[in-house]
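First to last, the protein sequences are chains A and B. Plus 2 on top of the position in the first sequence (first one is 1) and you've got this note's numbering. Plus 14 on top of the position in the second sequence (first one is 1) and you've got this note's numbering.
Each hint should be verified, as a subset may be incorrect.
Stated by the list, open to error - Computed Cβ-Cβ distance ranges for the label pairs, DEER-style: (1) E188(A) x F209(B): 27 to 37 Å; (2) E180(A) x Q188(B): 36 to 46 Å; (3) R144(B) x E180(A): 49 to 59 Å.
To be verified - Dumping the calculated PhoX-like pairs for lysine-lysine here, alpha-carbon to alpha-carbon at most 25 Å: (4) K397(A) x K76(A); (5) K35(A) x K76(A); (6) K181(A) x K130(A); (7) K34(A) x K234(A); (8) K397(A) x K444(A); (9) K95(B) x K76(A); (10) K36(B) x K75(A); (11) K203(B) x K246(A); (12) K159(A) x K187(B); (13) K95(B) x K135(A); (14) K197(B) x K157(A); (15) K76(A) x K37(B); (16) K75(A) x K134(B); (17) K205(B) x K113(A); (18) K259(A) x K220(A); (19) K220(A) x K27(A); (20) K246(A) x K274(A); (21) K220(A) x K75(A); (22) K388(A) x K374(A); (23) K36(B) x K157(A); (24) K35(A) x K135(A); (25) K187(B) x K76(A); (26) K113(A) x K246(A); (27) K159(A) x K34(A); (28) K113(A) x K187(B); (29) K37(B) x K75(A); (30) K76(A) x K197(B); (31) K157(A) x K205(B); (32) K274(A) x K375(A); (33) K113(A) x K197(B); (34) K187(B) x K205(B); (35) K75(A) x K246(A).
To be verified - With the C-beta cut set under 8 Å, the calculated list includes, among others, these residues of chain B facing chain A: (36) L44; (37) A46; (38) K210.
These aren't lab readings, by the way, just hints derived from the structure by calculation. Here a beta-carbon is modelled for each residue, glycine too, at the ideal position from N, C-alpha and C.
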Amino acid sequence: MSAFVAIENLEKVFPLNQGEYLALKGIDLTIKKGEFVSLIGHSGCGKSTLLNMISGLDFPTDGLVTLEGQRIKKPGPDRMVVFQNYSLLPWLTARENIALAVDEVMGDLPKADRDAMVQTHIDMVGLKQAAEKRPGQLSGGMKQRVAIARALALKPKLLLLDEPFGALDALTRGNLQEKLMQICEENQVTAVMVTHDVDEAVLLSDRIVMLTNGPGSKIGQILEVDIPRPRKRMEVVEHPSYYKLRSEMIYFLNQQKRVKKIRARKVEVVAKHGLEKVNLEIGFVPLTACAPLAIAKEKGFFEKYGLDEVNLVRETSWRGIVDGIAGGYIDAAQMPSGMPVWLTVGGHEDRPLPTVTSLTMSRNGNAVTLSKKLFDAGVQTAADFKKLLRETPGKSHILGMVHPSSMHNLLLRYWLAANEIDPDHDVHLETIPPAQMVVDLKAGSIDGYCVGSPWNLRAAMEGVGVTIATDLEIWQGHPGKVLGVREDWANAYPNTHVALVKALLDACRYCSDPANHLEVRKILSDRAYVGTREEYIHLGDPQELTCDLGNPIEYAHHWFYGEGSNRPSRTEHLWMMAQMARWGDVPFPRNWLEVLERVVRPTTYSIAARELGLLDEKFRRGAIELFDGSAFDAEDPISYLNSLAIKANISIAEVHLDPPRILAA
Amino acid sequence: MAPSVSRSNGISKPSAFEQWLKKNGSTILLPAIGILGFLTIWQLIAWSGVTRLPGPLSVFTDERTRTLLLYPFYDRGGLDKGLFWQTMASLVRVAQGYTIAAVVGISLGILVGLSPAIDKALDPVFQFLRMIAPLAWVPIALVTFQQPEISAIFVIFVTAVWPILINTTVGVKQIPQDYINVKQVLQLKQKTFFFKILFPSALPYIFTGLRIAIGLSWLAIIAAEIVIGGTLGIGFFIWDAYQQNYVSEIILGVVYIGAVGLILDRAVAYIQTLILPE
Numbered sequence: 003m004s005a006f007v008a009i010e011n012l013e014k015v016f017p018l019n020q021g022e023y024l025a026l027k028g029i030d031l032t033i034k035k036g037e038f039v040s041l042i043g044h045s046g047c048g049k050s051t052l053l054n055m056i057s058g059l060d061f062p063t064d065g066l067v068t069l070e071g072q073r074i075k076k077p078g079p080d081r082m083v084v085f086q087n088y089s090l091l092p093w094l095t096a097r098e099n100i101a102l103a104v105d106e107v108m109g110d111l112p113k114a115d116r117d118a119m120v121q122t123h124i125d126m127v128g129l130k131q132a133a134e135k136r137p138g139q140l141s142g143g144m145k146q147r148v149a150i151a152r153a154l155a156l157k158p159k160l161l162l163l164d165e166p167f168g169a170l171d172a173l174t175r176g177n178l179q180e181k182l183m184q185i186c187e188e189n190q191v192t193a194v195m196v197t198h199d200v201d202e203a204v205l206l207s208d209r210i211v212m213l214t215n216g217p218g219s220k221i222g223q224i225l226e227v228d229i230p231r232p233r234k235r236m237e238v239v240e241h242p243s244y245y246k247l248r249s250e251m252i253y254f255l256n257q258q259k260r261v262k263k264i265r266a267r268k269v270e271v272v273a274k275h276g277l278e279k280v281n282l283e284i285g286f287v288p289l290t291a292c293a294p295l296a297i298a299k300e301k302g303f304f305e306k307y308g309l310d311e312v313n314l315v316r317e318t319s320w321r322g323i324v325d326g327i328a329g330g331y332i333d334a335a336q337m338p339s340g341m342p343v344w345l346t347v348g349g350h351e352d353r354p355l356p357t358v359t360s361l362t363m364s365r366n367g368n369a370v371t372l373s374k375k376l377f378d379a380g381v382q383t384a385a386d387f388k389k390l391l392r393e394t395p396g397k398s399h400i401l402g403m404v405h406p407s408s409m410h411n412l413l414l415r416y417w418l419a420a421n422e423i424d425p426d427h428d429v430h431l432e433t434i435p436p437a438q439m440v441v442d443l444k445a446g447s448i449d450g451y452c453v454g455s456p457w458n459l460r461a462a463m464e465g466v467g468v469t470i471a472t473d474l475e476i477w478q479g480h481p482g483k484v485l486g487v488r489e490d491w492a493n494a495y496p497n498t499h500v501a502l503v504k505a506l507l508d509a510c511r512y513c514s515d516p517a518n519h520l521e522v523r524k525i526l527s528d529r530a531y532v533g534t535r536e537e538y539i540h541l542g543d544p545q546e547l548t549c550d551l552g553n554p555i556e557y558a559h560h561w562f563y564g565e566g567s568n569r570p571s572r573t574e575h576l577w578m579m580a581q582m583a584r585w586g587d588v589p590f591p592r593n594w595l596e597v598l599e600r601v602v603r604p605t606t607y608s609i610a611a612r613e614l615g616l617l618d619e620k621f622r623r624g625a626i627e628l629f630d631g632s633a634f635d636a637e638d639p640i641s642y643l644n645s646l647a648i649k650a651n652i653s654i655a656e657v658h659l660d661p662p663r664i665l666a667a
Numbered sequence: 015m016a017p018s019v020s021r022s023n024g025i026s027k028p029s030a031f032e033q034w035l036k037k038n039g040s041t042i043l044l045p046a047i048g049i050l051g052f053l054t055i056w057q058l059i060a061w062s063g064v065t066r067l068p069g070p071l072s073v074f075t076d077e078r079t080r081t082l083l084l085y086p087f088y089d090r091g092g093l094d095k096g097l098f099w100q101t102m103a104s105l106v107r108v109a110q111g112y113t114i115a116a117v118v119g120i121s122l123g124i125l126v127g128l129s130p131a132i133d134k135a136l137d138p139v140f141q142f143l144r145m146i147a148p149l150a151w152v153p154i155a156l157v158t159f160q161q162p163e164i165s166a167i168f169v170i171f172v173t174a175v176w177p178i179l180i181n182t183t184v185g186v187k188q189i190p191q192d193y194i195n196v197k198q199v200l201q202l203k204q205k206t207f208f209f210k211i212l213f214p215s216a217l218p219y220i221f222t223g224l225r226i227a228i229g230l231s232w233l234a235i236i237a238a239e240i241v242i243g244g245t246l247g248i249g250f251f252i253w254d255a256y257q258q259n260y261v262s263e264i265i266l267g268v269v270y271i272g273a274v275g276l277i278l279d280r281a282v283a284y285i286q287t288l289i290l291p292e
């Protein structure tokens, strides 16, 4: 019963007047019996074309579509289609339209049975009063009911819906969606629906298939909708997954729109001042830690080192950074410190993407915040939290983090595990964009989070959460954000890379000077950067350790510069590599030394520092020590992993990296 | 005092005629004025002696014409019959040619509409033939059929068939994709497709063709009856009157032709509204 409908390596090319148009490419999809699948994407992405090929109204140029193992060769009533424009015959009444289909398809049944079947389906969609009217006298919603009744009356194996409610007003649409859902559930209908309505997709589907923009559209992502059935329109909205799915889809669609725009722009590489490329797109996420980028831009550090045309791209989530780097439409990015390794070993879509870091831009700046509700219930330490979890085993606690490869995730997990809380079993961790955290905490959809400032202080000042541990209490001086670029990019533009490190290192120095703090805070609070009130943003002494519970204080501990803090450290990246592997997010590479050599490039940093005249830079060497006193042995990470008590299934595997290559400009 | 009373009466209770006039004044009165003006100018020009064409009043003043006007139903045998009979004879001829044109035009139109190959092959021929004036068909018809009566019907047929054919073709070709999708998804049998989808869908186009054709075939009647010669019919009546220099009779004949043409057109339009409500 697994593959009811199977689409294999499907490709569709439309001949045009001049040349041809590749509409779909490499589509693979299987649909189970009884499943409701939605196809969503921008106009012209080929979703209707795909539906037509399942219905048999159109044929793939290459590849295969099968229903119950049989290749689809022509349209047929076993794959009934409901069209957006109803496709009723205007000279027949509603009843006659349905009867035409029933009589034709089930002609061998006695007339009385057929009539009864028509009547049943007229009643099913609630059209008793309008059965004798012609389509011209019916409203859009009623017409679509007739079309649905006509389709269902034939008892199709597969129901295909092509934007069925696209032309209806919101109220009618809502009612019909519910009706369709009810009918599908009662009759165990397998259905494929094309839609561009995000809410409709979540409400009706078991799975949502999102298509990328053409030409050569493919399946970008498939979302499983885990909302239990039977669903009600009003209740679905309250399900915790609803907004996650919805924002996932909106992110995808927006991303597609952006990619289209970027493709249309076609940036030329501008070489100047002996640099290979001076027009750079640099991605960042609104956090206090983005200060070096903001300052470099606002205070002219980029221009100072010859990078004349730098454009900062504000992403709301780390995922946007990953997509930008993977898609090659941003040159460089502020990354969570684990991301270069994570990308390199194949964290993104299981495809190793060699990524390089030559500068650690910030350290510290994180904290763990728990909701005011938990605090009021007496949770003031990790031990209290553990006790609470043990006492309420049935209740699931959701904690937010920003990205699997970010230090927030790793520190939060480390902190939980060190306190004997299994981060995968005792609590539930969820990826949420940083700026979204406070809102979710306020709404009660999460119970706490680990994120960079200003979002901890803001929760505390707004009285919705309490900072229960700062990172200073977990690992003082841990790497926060790093500068990351693709390896092929770094190889293609080595001088630009050095200039970029120089500009940012200079900006880091500027940020760390207390005399500039007022100005930095003012710049950061601007909408173009963090976009929050200035009093939420603090920069201060990075050595301050205390965390006064329930009493909002300045978590002023970003560390931007000095004492070797900016030099990328292989040991630190190895620690993060080990932690990511510990939680099963990526395999631990057997060739970890090779991976580290490729990812961490202190040489680029050294050249930049020397050219800036910073000769007193110290090395940071030696073992990493965390709050629980356990030392990390950089000589033997695999034994370290094996020695851990709380961990997920660890896999150790050779990560095959392509030989270093240069980006084809 | 008195005038004001009568005035208030007038306002409160307008006569039925006044009401009628208010309602239909512009639709009846204005066309009537137009026609009357046209006839007056024509009459004045005729009186002025610029042309030998008699004025509209000659229809009454000329004795022969007056008889024809007042006694449309007289029948003195042979060709000497009232205008009603003349018209009827022409109408029968038109009916025959038109019916054949409709049958041939619709069926050929559907065939051509359904088959792009046949369409490609025959379209240039149709486009060429339809440009030929009815009168030009006359000698061809006579040579081909050797019989005047059949030739006349052929001329009417060949005039009327093109608009029916071409419109039907367009109608069939323009069946909306939606309906074709219905056919394909339901795997409709050809017969069901023809009667439930193709024909109803093309019907408005077919009627447009039929309506244009009825006007054209009536126009061709003169040409047709001149061909036959010496037969009962309004076309030959006019031709005969011209030969004998009864100019006012020609005018009367022309009025008949115009009126009948108008009635035919309206009749088809009416049938169309009966079959295609909307």
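Structure-based check of all given hints:
1. As the Cβ distance of E188(A) to F209(B) is approximately 35 Å, the hint placing it in 27 to 37 Å holds.
2. A beta carbon spacing of about 38 Å between E180(A) and Q188(B) agrees with the range 36 to 46 Å that was offered as a hint.
3. Checked against the hint of 49 to 59 Å, the pair R144(B) and E180(A) passes, with Cβ atoms roughly 57 Å apart.
4. A threshold of 25 Å between alpha carbons decides the hint, and for K397(A) with K76(A) the separation of about 52 Å lies outside it, so the pair is violated.
5. Distance check on the hinted pair: K35(A) and K76(A) sit about 21 Å apart at the alpha-carbon level, within 25 Å; holds.
6. For a cut-off of 25 Å, the pair hint linking K181(A) to K130(A) stands: about 15 Å separates their Cα positions.
7. Using a Cα cut-off of 25 Å, the hinted pair K34(A) and K234(A) holds, with the two alpha carbons roughly 23 Å apart.
8. With a C-alpha separation of about 19 Å, the suggested pairing of K397(A) with K444(A) holds against the 25 Å cut-off.
9. For a cut-off of 25 Å, the pair hint linking K95(B) to K76(A) is broken: about 67 Å separates their Cα positions.
10. Pair hint K36(B) plus K75(A) does not hold up; C-alpha atoms about 68 Å apart against a cutoff of 25 Å.
11. Only pairs whose Cα atoms come within 25 Å are accepted, and K203(B) paired with K246(A) is rejected, the gap being roughly 49 Å.
12. At roughly 32 Å between alpha-carbon atoms, K159(A) and K187(B) are farther apart than 25 Å, so this suggested pair is violated.
13. With a CA separation close to 53 Å, the supplied pair K95(B) and K135(A) exceeds the 25 Å bound.
14. A hinted pair counts as satisfied when its Cα atoms are at most 25 Å apart, and K197(B) with K157(A) qualifies at roughly 17 Å.
15. Among the hinted pairs, K76(A) with K37(B) is inconsistent with the structure: their alpha-carbon atoms are about 60 Å apart, more than 25 Å.
16. Among the hinted pairs, K75(A) with K134(B) is inconsistent with the structure: their alpha-carbon atoms are about 29 Å apart, more than 25 Å.
17. Note on K205(B) and K113(A): the hinted pairing holds, with a Cα-Cα distance of about 19 Å set against a maximum of 25 Å.
18. Between the alpha carbons of K259(A) and K220(A) the distance comes to roughly 15 Å, so the proposed pair stays at or under 25 Å and holds.
19. For the proposed pair K220(A) and K27(A), the alpha carbon gap of about 6 Å is at most 25 Å, so the pair holds.
20. Between K246(A) and K274(A) the alpha-carbon distance is near 44 Å, which puts this suggested pair outside the 25 Å criterion.
21. For the proposed pair K220(A) and K75(A), the alpha carbon gap of about 23 Å is at most 25 Å, so the pair holds.
22. For the suggested pair K388(A) and K374(A), the alpha carbons sit about 17 Å apart, so the restraint of at most 25 Å is met.
23. Proposed proximity of K36(B) and K157(A) is contradicted: the alpha carbons are some 61 Å apart, above 25 Å.
24. Restraint check: the Cα-Cα separation between K35(A) and K135(A) comes to about 35 Å, which exceeds 25 Å; the hinted pair is violated.
25. With a CA separation close to 22 Å, the supplied pair K187(B) and K76(A) stays within the 25 Å bound.
26. A distance of roughly 51 Å separates the Cα atoms of K113(A) and K246(A); the hinted pair therefore is violated under the 25 Å criterion.
27. As the CA atoms of K159(A) and K34(A) are separated by approximately 12 Å, the hinted pair is consistent with the 25 Å bound.
28. Between K113(A) and K187(B), the direct Cα distance comes to roughly 34 Å. Violation of the 25 Å bound is thereby established for this hinted pair.
29. Of the pairs offered as hints, the one joining K37(B) and K75(A) is violated, with about 64 Å between alpha carbons and a cut-off of 25 Å exceeded.
30. Taking the CA atoms of K76(A) and K197(B), the gap is near 12 Å; set against the 25 Å cutoff, the hint holds.
31. Proximity of K157(A) to K205(B) is assessed by CA-CA distance (about 24 Å); at most 25 Å being required, the pair is judged to hold.
32. With a CA separation close to 57 Å, the supplied pair K274(A) and K375(A) exceeds the 25 Å bound.
33. Restraint check: the Cα-Cα separation between K113(A) and K197(B) comes to about 21 Å, which is no more than 25 Å; the hinted pair holds.
34. For the hint pairing K187(B) with K205(B), the CA-to-CA distance comes to about 18 Å; that is within 25 Å, so the pair holds.
35. Of the pairs offered as hints, the one joining K75(A) and K246(A) is violated, with about 39 Å between alpha carbons and a cut-off of 25 Å exceeded.
36. Because the smallest distance between the Cβ of L44(B) and any Cβ of chain A comes to about 35 Å, over 8 Å, the interface hint for this residue is violated.
37. With 8 Å as the threshold, the beta carbon of A46(B) stays out of range of chain A, its nearest partner Cβ sitting at about 38 Å, so the hint is violated.
38. Look at K210(B): its Cβ gets to within about 6 Å of chain A, closer than 8 Å, so that hint holds up.
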